[in-house]
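Enquirer: Taken in order, these protein sequences are the chains called S and G. For the first sequence, the UniProt record's numbering gives the first residue as 1, with consecutive numbering after it. For the second sequence, the UniProt record's numbering gives the first residue as 1, with consecutive numbering after it.
None of these hints come from the bench; they were simulated from the model. Be a bit skeptical, because a hint or two may be false.
Under 8 Å between C-beta atoms, here's a sample of chain S residues computed to sit facing chain G [unchecked claim]:
id: 1; residue: V16
id: 2; residue: P48
id: 3; residue: F108
id: 4; residue: T277
Just so you have them, the derived chain S footprint on chain G, three or more residues with Cβ under 8 Å [what the hints assert, rightly or not]:
id: 5; segment: 219-226
id: 6; segment: 310-322
id: 7; segment: 750-760
Glycine included, each C-beta is placed from N, C-alpha and C at the ideal position.
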Amino acid sequence: MISQLFVLSQRGDNIVFRDYRGEVPKGSAEIFFRKVKFWKGDEAEEAPPVFNVDGVNYIHVKVAGLLFVATTRVNISPSLVIELLQRIARVIKDYLGVLNEDSLRKNFVLVYELLDEAIDFGYPQNTSTEVLKSYIFNEPIVIDAGRLPPLGPAAMFMQGNKRMPGTAVTKSVVANEPGGRKREEIFVDIIEKISVTFSSSGYILTSEIDGTIQMKSYLTGNPEIRLALNEDLSIGRSGASVYDYSSSSGGGIVNLDDCNFHESVHLDTFDSDRTLTLVPPDGEFSVMNYRMTQEFKPPFRINALVEEAGPSKAEVILKIRADFSSSVTANTISVQMPLPTYTARVSFELEAGAVGQTTDFKEGSKKFEWCLKKIVGGSEHTLRAKLTFSQESHGNITREAGPVSMNFTIPMYNASRLQVRYLQIAKKSKTYNPYRTTVSPSRLLWIPSQAFAKMIDDQDLGFFANFLGIFIFVLVIAYHYVMADPKYEA
Amino acid sequence: MARPQPSQRSPSTASSPSQPSGKSEVSDLRLQLRQLAGSRAPGADDSKRDLFKRVISYMTVGIDVSSAFSEMVMCSATSDIVLKKMCYLYVGNYARSNPDLALLTINFLQKDCRDEDPMIRGLALRSLCSLRVANLVEYLVGPLGSGLRDGSAYVRMVSAVGVLKLYHISPATCLDADFPALLKSLMLSDPDPQVVANCLSSLQEIWNLETSEEASREREALLSKPMVYHLLNRIKEFSEWAQCLVLDLVSKYIPSDSNDIFDIMNLLEDRLQHVNAAVVLATIKLFLHMTMSMTDVHQQVYERIKAPLLTLVSTSSPEQSYAVLSHLHLLVMRAPMLFSSDYKHFYCQYSQPSYVKKLKLEMLTAIANESNTYEIVTELCEYAANVDVPIARESIRAVGKIALQQYDVNAIVDRLLQFLEMDKDYVTAETLVLVKDLLRKYPQWSHDCIAVVGNISSNNVQEPKAKAALIWMLGEYSQDMLDAPYILESLIENWDDEHAAEVRLHLLTAVMKCFFKRPPETQNALGAALVAGLADTHQDVHDRALFYYRLLQHDVAVAERVVNPPKQAVSVFADTQSSEIKDRIFDEFNSLSVVYQKPSYLFIDKEHRGPFEFLEDLGDISLGAESGDNVIPAQRYDANDKDLLLSTAEKEESSGLTNNGSAFGGLEYDASLVSVTGSQSQSEIVFSSPAQAVTSSQSTLAIDDLLGLGVTVDLEPPQPPSLMLNPKPVLDPATFQRKWGQLQFSSSQECSLSPQGVAALTTPQALLRHMQSHSIQCIASGGQAPNFKFFFFAQRADEPSSFFLVECLINTSTAKTQIKIKADDSSVSEAFSALFQSALSKLSVS
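Pulled out of the complex, with its shape left as it was, chain S reads as follows:
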């Protein structure tokens, strides 16, 4: 069991503080914050999520820039507390619509209500959004999502909070629409994080897709839902070695290494027709997480070349090629590259006729950023950056610059080829006719995505300026199915 639970802002202010057992000395929030802030002195190291100070164990997660912290004096399961903190953050988000410092401050009484019901004397009780509904009486003060600064694309994985974009899903599960009536909606997303490392010769060193099917339900009465995945989906590897790319059949079979499912999912018919049956709880949750090491085609190739041009000058040439069909366009691309710490000035040279591209050198963090509004499939873009150093370099610029990271969004792209064939709502009416609806991607919302690339020259290849480009892509793609107002009563 836990002793206390508190939520701190980025500056360390208590927004909510709940002491369940009164066995941890006072000042724990300050002790915690000081420890996290000055972890290992000046070394820029992040504090681990679990640590012990004077016999008190502090376990924390970061969600939306807030620190959710639990303290305990017993030898508890760290996973349990981390899951619990994340669940509580998510339940709060379900209620408030948007989770950030502002919304939390405005609704702290509601949050206290939630915390009281979710945990009693340190033991987790009910953490299901819909069960809690009957115990929560405060109305959420919904803050206008439109005024929110757009989420940084990287936030999704950096913060460990798989969130969905767009305003449609920032509504509270309890608040009513302005019109006073509730919209019956359910959102299904496939979110994938793709990591690829490959050499300059195009040989893939590692690749992995970590995906999740997220659902956010606003359906009343919790009807049963059937979610059909690819019929040829296979799970678990048989025989073939882990990274056997050559033997990839390429026949469109989606082969997941492993997956796990949400509590509410029944797998009775999964083996026969790859259909998940579930009664979706209210609010946001992951229906299924999966992991795949099957071969796939990365959407971008990045080439970075660093050339010395004199003792205190160098030139960086960045090339991006979009490896997807020309009918598809990637949006809001941002490429970042850290430069050597002794870089004084950078001047940029965009390709001729470039439209909607901006560049910026961030003096403080010694990074440059290259933003592109869109990239059409099959096209290629180049940036030249001339660096001026404040001191002579030691011939190691390549090692000191990079890795390149890239954030982007591509609609209609799914690297794993995992699909939701259809989604069926089986609501039993009086005549027992299940209401059926076809899934049409009528409205698509896209998740920001990111890619990282790093380059390292490979000393093994000899004395020549051989270049081994290793790229890591992280790409997120979402299929977003929106079902607005299914007419149950019809």
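Since the structure of chain S is provided, determine the placement of chain G on it from the hints.
Expert: Quick look at chain G alone, frame taken from chain S:
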């Protein structure tokens, strides 16, 4: 231990500009609340809500609003549930510091406990139990009793936890009202899974805190087959948190046969596919522990859990990945082969936080073997150029560790040497330390290494560890390095600029070694070094210089044999963790121990140790490392004393019961019996000892020294021939605890202590040594005058499997002794009892 005192708010929150600064606002609030108290005007509730909100927000940031207590209570007579809830929260927060005012709330809370609405009943009962005021417990029993029988599951759920809250305020009241029995029957019959789960958690906690015979019986009852099956059959009804609770309980269940094991495992197989990492890890723990004795199945379990664990690592948040990776690391240490083909999963990703990367580096180090070393080292070398300096350092260290554990280090040495050419301070520093260790293990590489190391200018090396390593190499291989004497000489010239004593010590030794190999070139430098060393303010440096000087004066040949003998290559570097500790951590799978890589007794106070892990009697044990056979404690950890003192004091205060008989101040525990825990790991642990504990332990130590040196040589004729005891019995504390839990008391006696014995018992140590001379070992002891408590054990000399366990309570003011004996072979326990008493009666001031 105390709840945060709201009256003393921290300066940091007070100075924050957005916060109101104090008194005037609070009195203003009080005034407004007072005006609203009786108001039934429309809109009054809304304004009350606003005021309540402000009160709560002050409370959150640490401003003391307890002065508004009576106003808040006055305003609480309302039907508005939001207001009620805020009021409950407020009351729960301040009742403890204002017990008199808390009495005011009893009335309306009790009334609410009888409300028609089950939710109000539940809420009121929860608040009532959360007041934590000892003299109000009488008002709790009634509502709790009816709460447990309430028709609403919500109320029963709240009551089940309420019983536990009551127990913490007043254990006697809770037990007298027979609540545990009620909980037990509720647990077996209630249709609501959350009620069952709360009953289980309350029962577990209560019986773990109780010391009675009944408690240990009840603890066993919770682990009985019908109970376990009852819970397991309903597992899917439980919430995921309750599932974890049940899984944790079942992991302690001892299955009757292999069918039992397979039934349980088949039932829980699908839990491994859960999204919730806590459920998956709890299931894994259960699987691993159940199959401990079945090697084949155990291996299959490893194979089975691999994929789910890797999925959790890659699809969870970084925080959860960290927790799961810690567990993977523990598993990898036990079965490195299992993950050796999955090494790519442990490659670091750019976006991951450093705590995850660090663990991944450790994983890579652990799974490196002949088949994957090349790939892993290649990957690690890339990280060495990382912008993230701590990670770059860690990866270099990882490369070194892999080099030290592999047979084929050819390529790795090359890579390390390339690091030196990278010309980055921290890379060079880390690499030098590693090259030194490598040379100690593989002297055959000295040639290649020396060539590269020789090119490094000592001016570029600033970190003491690296500098010391470089100097060591200069001394050790001075015959191969042309410049060695001259580099050393220049270093000695700058003796005063060298701040680290470590470096100066190495410098002395290195110049000595160099002198034996190249005397003419080094003589001057040696002289200068000895002079500087003799004048050094650091004691160790001074002593070493003096020692070398006298050694050289005595005989140069001897000096060479001492300082520079031919060395054997180190084959295995000392492992930092003993396997004993690792097993202990493995026993505590799915807990913080795994993350900290320490067994729980090193970081958890005894009173908070988890269910079933320690018998309460022995929970008080504090570890004291003793060197060898010596009885005098070398180090002692007194943190527990403080907590124990505090907790008893607190219990007395809150329950109003004076229970001096059990006021034991910390027990000491003879660690020579578990010397395997190793001094290395223990020396890392630093407990902050409170002042009073330190002084008391120091005084014992002082007496100890006085008495301890004259170890009693007892020449009494040994035991009666009927029962021979092994003079050096061995029993580790864990086994002791298990036995203690399993065995029944076979004999219980009271006797009185001789006046001499009382006089000798100024410290418990006197008795320990005395009993030791009678072949009876103490495993734990403690207490404060006049009450002492000891746990002894003895082993039959003719039958090593037969142990005697003794609990001995001594009251020095009444000279009464109570002895309780548990024996493997109860037929001889009477004989042993006689023996024990005769030994005890001979205790006197030696």
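Enquirer: To test your reading of the hints: which numbers does this structure violate?
Expert: 4, 5, 7
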